[in-house]
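Taken in sequence, the protein lines are chains A, B, C, D, E and F.
6 is the number that the numbering used here gives to position 6 of the first sequence; each next residue is one higher, with no gaps.
45 is the number that the numbering used here gives to position 45 of the second sequence; each next residue is one higher, with no gaps.
103 is the number that the numbering used here gives to position 103 of the third sequence; each next residue is one higher, with no gaps.
225 is the number that the numbering used here gives to position 225 of the fourth sequence; each next residue is one higher, with no gaps.
159 is the number that the numbering used here gives to position 159 of the fifth sequence; each next residue is one higher, with no gaps.
146 is the number that the numbering used here gives to position 146 of the sixth sequence; each next residue is one higher, with no gaps.
Among the hints, erroneous ones may be present.
[Unchecked claim] Below are the DSSO-like pairs computed for lysine-lysine, each with C-alpha atoms no more than 30 Å apart in a straight line: (1) D:Lys50 with F:Lys55; (2) D:Lys55 with C:Lys86; (3) B:Lys86 with E:Lys109; (4) A:Lys86 with B:Lys86; (5) C:Lys55 with A:Lys55; (6) D:Lys86 with A:Lys86; (7) D:Lys50 with E:Lys86; (8) F:Lys110 with B:Lys55; (9) A:Lys55 with C:Lys50; (10) C:Lys110 with B:Lys50; (11) B:Lys55 with F:Lys50; (12) E:Lys86 with E:Lys110; (13) F:Lys86 with A:Lys86; (14) A:Lys55 with B:Lys86; (15) A:Lys55 with F:Lys86; (16) A:Lys86 with F:Lys227; (17) B:Lys86 with F:Lys86; (18) D:Lys86 with C:Lys86; (19) A:Lys55 with E:Lys55; (20) B:Lys50 with F:Lys50; (21) B:Lys50 with D:Lys153; (22) E:Lys55 with A:Lys50; (23) D:Lys86 with E:Lys55; (24) A:Lys50 with F:Lys86.
Just so you know, the hints here were simulated from the structure itself, not pulled from any lab data.
6 protein chains.
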Amino acid sequence: MTNFERSGRRAADQLRPIRITRGFTIHAEGSVLIEFGQTRVLCTASVEEKVPPHKRGSGEGWVTAEYGMLPRATHTRGDREAARGKQSGRTQEIQRLIGRSMRAVFDLKKLGERTIQIDCDVLQADGGTRTAAITGAFVAAQDAVTKLIATGKLSESPITGPVAAVSVGIVEGTPLLDLEYVEDVGCDTDMNVVMTGAGHFVEVQGTAEGAAFTRAEMDELLRLAEKGIAELVVLQQESLAA
Amino acid sequence: MTNFERSGRRAADQLRPIRITRGFTIHAEGSVLIEFGQTRVLCTASVEEKVPPHKRGSGEGWVTAEYGMLPRATHTRGDREAARGKQSGRTQEIQRLIGRSMRAVFDLKKLGERTIQIDCDVLQADGGTRTAAITGAFVAAQDAVTKLIATGKLSESPITGPVAAVSVGIVEGTPLLDLEYVEDVGCDTDMNVVMTGAGHFVEVQGTAEGAAFTRAEMDELLRLAEKGIAELVVLQQESLAA
Amino acid sequence: MTNFERSGRRAADQLRPIRITRGFTIHAEGSVLIEFGQTRVLCTASVEEKVPPHKRGSGEGWVTAEYGMLPRATHTRGDREAARGKQSGRTQEIQRLIGRSMRAVFDLKKLGERTIQIDCDVLQADGGTRTAAITGAFVAAQDAVTKLIATGKLSESPITGPVAAVSVGIVEGTPLLDLEYVEDVGCDTDMNVVMTGAGHFVEVQGTAEGAAFTRAEMDELLRLAEKGIAELVVLQQESLAA
Amino acid sequence: MTNFERSGRRAADQLRPIRITRGFTIHAEGSVLIEFGQTRVLCTASVEEKVPPHKRGSGEGWVTAEYGMLPRATHTRGDREAARGKQSGRTQEIQRLIGRSMRAVFDLKKLGERTIQIDCDVLQADGGTRTAAITGAFVAAQDAVTKLIATGKLSESPITGPVAAVSVGIVEGTPLLDLEYVEDVGCDTDMNVVMTGAGHFVEVQGTAEGAAFTRAEMDELLRLAEKGIAELVVLQQESLAA
Amino acid sequence: MTNFERSGRRAADQLRPIRITRGFTIHAEGSVLIEFGQTRVLCTASVEEKVPPHKRGSGEGWVTAEYGMLPRATHTRGDREAARGKQSGRTQEIQRLIGRSMRAVFDLKKLGERTIQIDCDVLQADGGTRTAAITGAFVAAQDAVTKLIATGKLSESPITGPVAAVSVGIVEGTPLLDLEYVEDVGCDTDMNVVMTGAGHFVEVQGTAEGAAFTRAEMDELLRLAEKGIAELVVLQQESLAA
Amino acid sequence: MTNFERSGRRAADQLRPIRITRGFTIHAEGSVLIEFGQTRVLCTASVEEKVPPHKRGSGEGWVTAEYGMLPRATHTRGDREAARGKQSGRTQEIQRLIGRSMRAVFDLKKLGERTIQIDCDVLQADGGTRTAAITGAFVAAQDAVTKLIATGKLSESPITGPVAAVSVGIVEGTPLLDLEYVEDVGCDTDMNVVMTGAGHFVEVQGTAEGAAFTRAEMDELLRLAEKGIAELVVLQQESLAA
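Please work from the sequences and hints to get the whole structure.
The structure is reproduced here in structure tokens:
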């Protein structure tokens, strides 16, 4: 196995520098700018005192997410989805993933009949936007819940624990943690893993872009993901404690 | 771990009865009705002597897929997507998955500048429509390629080997192979696995619908998937040999 | 008038082999696969215990229809309407026709405030898909009504009698009954006729694709249609009696 | 058979007052305001020196039509289709009918590779808008062709003869020619007939809105239509001669 | 400053011949054809006894507008917005402008919970369609209000005074009132001004299409607009008094 | 005239604190975060070596703009336009305004056949987003042009001078410069003014939201705008010189 040389002499099992800025914008109940290296995603959590039709009268709340990318967040400009008149399949896939990941750590009964609407908007993309989005969205959601408790709207937290996500992949035969764009483009296998703070899996989405991958490779990728997510959960907690 | 009782006394690691009917309709280059128990999907492969813009002039071909469900394929009637004017996020997610799975076993250079368009339409749904679709689509694609070779348009097959898919999940604590609808609805964890004939992974998509799942559970689910897909690949080959 | 030679030595006033398979799928209240030769249409009737806005509170029910064609039901693949984001003018015209034809034999007062939603999906096309759809839809609707009576939701049938449809046309000067695709493509005049079991007209839609047609030609076409529909009504009844 | 009393003491087989105003607007190559009583439709014919894709390089031209209704052309305001973002099934059905009717009297080879685009916009509706549209569209198309000949773009007319249309129907048992709105609303059977100047049929579209109609009734309706269209063709010619 | 020669020897500060025809169509509560020279716009005011969601239960009414242009109202045919499936940015800008202009002279409290829906449809365009639309819409709205008072639905008028609009612009250095199409195409600056009968501004929308304009030029343009609108208000009153 | 008390003791003719941050993101040729107090807009300029159809082969380039607002840029969350499937009339109006404003200071001939695509995305809104967008877009466009010159793609600048914009309005009788959200909501008259560095008008868009405004009020508003824009142009130059 040759060693793929990463930018900035990063080790194969090393995260990019992570920065979590809470209160990045003023209106949202939770507003977090999360940076995984050059990837920057603005995650807001908005509380709405209503639920979608399938939850009305159920006594339960809802947590859902939308995802977007500014047209020039990327190397070459992409179409603006609002102008084109529809969200791409990729966008829908990602926002469904973020929503499921958030709901995995929410007790909807305890939330009561209200919605926490997560918005993840990519200001700058350099790989791993969906995993950064999930990791940042959790912090924004936590801030929104704290506000609900502070204002007496909730008496106990509906959040059952942290959730975070990271990408892993095999590039030129080397399993790597937290792929940046140039690695992602060249990788054979790309896997996005979402885990709880307790180290259990919420989502595993692995795709062989080139050659199919073996069970041994999969095991190594899952090990890397477990390591990375454990670190991300610590960073989330430090940010929330600040 | 209690044993969940399956319909028809099916064992936890047993596939539903699988039927593959080639030549189900007359116009398509490949046309396969695949049945996983009560789930019935019509998979057609259409050859078009042109490629999408991103492949023009590349000397390479393309393989892509679309997925649909007849409005009353399900227990209660769903909206017709054509009437509603857009495909749901779920539909797009599935058709992107089918397309990637097919491309995993295609050498696009050898295909030449033409497209194999897969259409998977669910006539009757009882769980596992996307995995049945992938398994059937491979047989339809193989038939289309055989026709291209028979008519002299291709001199060698661009297909590098079989691909098949199955769902696995944990229902009331029991890991099960090939979930039918009632099992899918009640499951804690649902995983769709796509593998090549050589037993390598093409796609792994696991979602904790209820509680997050442990690494041990994941290992057991992957083992079940490996077993099921190995059987499906044999059934594909038997059908193609008939 | 030269005699146009039909495939399979079919006479000018002869229907193609007709097959009606009830219970083709398991979920719908009525589910019929109807075959006019190589044309195969799956017709389902779904009962919904609600009505569209213009019937709410009226005490009356509604019967409506949607029509679709699988992309590769035809010789060359057509666009998937769900992917393109809208139904073609042709599709809308056909589904409006099916809906009106069904309502012609329904007493909406007796149906009560519920909807019978007909779905006609063409699995394989070889001419005459809309007339096969109407003929099959009636059988599916009858099965749905029978179920409503059997479960005590209706005490008497809202159906006033059978309805069936057939195409007629003039090909190379010869008036023909029940056109298949190659005849339809080459015809000068194409007429779709919908009639009740009593032999009265519900819809007549004639179009001169080539030369305009005379009154004498029209009379002959109507005569052929009357003959064909009388036979179809018998086949519907035999199928329902089975 | 009771005699239905028509407004303005109109006889059962009498057209409403017809007015054809050529040159109603200044920009179009043909521009006709046609009035069937209170129904007023503006029909323009625009010449475009290009053809749609399916005619490119064929040496043949194309004639096509679009139809619209101003939101308050009717008793109660209807939605503006441009605002709602799509044309209704009814609108598409009508514009397809107008297009086919015009092409029935055009020799597309003689037209050369150009398009005559017909626009029929209903300024005021009182029944029979589609038949007024066809009758007026022919006059507008004739004016456009005359201009093409006058400017030397065409040496001979591609028009093979006149085409006109009228509605007929059975109201309270009485067959009537040229239904106005109140008659249309109450009718059992409604038929739109398009014929050439030679008295041959181009389109026949009959619908039983209430009871199905007999062959004898159909014969009487066709007789009324033949009478009305013969008169309309004379009025078209008088207008064009003025 | 050279003097730009206008068609028909029109002076720089002279309106085109204005014609206001009330009752142009029969169904709408107010229906006005307004002509600014060759520009002809049909303005209807429809009364609907309901309000949009943001006004429900407020005790206030609403006044809103939609705008459209027949495809061949212009020199070369434009796309039909209903067929294209959306209104252009220009159309939306204009209809929002008309709506705001009407609301500027309406006391929504006095209107009560009902809507006056204005429709402005351009039958023929020769510059200034939006200003003609506003000027005509006021007359149609006045007629609708008069009818509401006559039928006892309103006891006093919610209209606070007249509103009218005109375009002004600088063509080849000469400030001109009420631009026709050829002037509009060649102008450096184009300004649409909406004023009340009292001579106060409701809307000012000035755009430098070529060179930016000075404060002195702006003052002259506003002076021309004041003159033109004062004349239009007189013509509106004369028309309403007729 | 009472004096309206502004937040932060701001004078009536005083701009909010303005901050211009160049190079805010890394991929775009020009990337500027502009802040007018709490209003924050990210403006990027992307160079594309192609032009829209109406400019192809003309030797001229094109400058155009798109505008968006993150869903939670505002006090209460707004719909995501990409999810709703269309841009609002307001969005289209604003992006058309930004595009015209940029083109007012571009010599499209000198730009050559390439497009400068401006994207203005509001991260946080507190009034004046469109004027901040124009002011920031100019700086981003200047950076993109500088890069084109630096890389030898352009030999001289196509920019003819600066352009900037500010809002003015009358709140409780007091004319104010650069309205923030609470002022905008309560204002009687709102005017957006776009001017060149030479002090000439590019756009003037004034709307009476409450009472119509007099000529004297308009003169005072224009004077405030002139003062504010002169200051903004200085700030743009200082930022570009840094």
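Taking 30 Å as the top limit, are the C-alpha atoms of B:Lys86 and F:Lys86 close enough? Distance of about 14 Å is within 30 Å: holds.
Holds or violated: are the alpha carbons of E:Lys55 and A:Lys50 at most 30 Å from each other? holds, 20 Å
Is the Cα-Cα distance between B:Lys86 and E:Lys109 30 Å or less? The hint is violated at about 41 Å.
Holds or violated: D:Lys55 and C:Lys86, Cα atoms, limit 30 Å. At roughly 24 Å apart (the allowed maximum being 30 Å), C:Lys86 and D:Lys55 satisfy the hint.
Is C:Lys55 within 30 Å of A:Lys55, Cα to Cα? holds, 27 Å
Next pair to validate is E:Lys86 with E:Lys110; report whether the Cα-Cα distance is within 30 Å. Outside the cut-off at roughly 34 Å; violated.
Run the distance test for A:Lys86 versus B:Lys86: straight-line Cα separation, threshold 30 Å. holds, 9 Å
For the pair supplied as a hint, B:Lys50 and D:Lys153, confirm whether the alpha-carbon distance does not exceed 30 Å. Status violated; Cα separation ~38 Å.
Does F:Lys50 sit within 30 Å of B:Lys50, going by the straight-line distance between their CA atoms? holds, 25 Å
Straight-line Cα separation of A:Lys50 and F:Lys86 no greater than 30 Å? holds, 24 Å
Taking only the CA atoms, is the gap from F:Lys110 to B:Lys55 under or equal to 30 Å? violated, 34 Å
Please work out if D:Lys86 and A:Lys86 have their alpha carbons no farther apart than 30 Å. holds, 16 Å
Checked against the numbered hints given earlier, this structure breaks hints 3, 8, 10, 12, 16 and 21; the rest are met.
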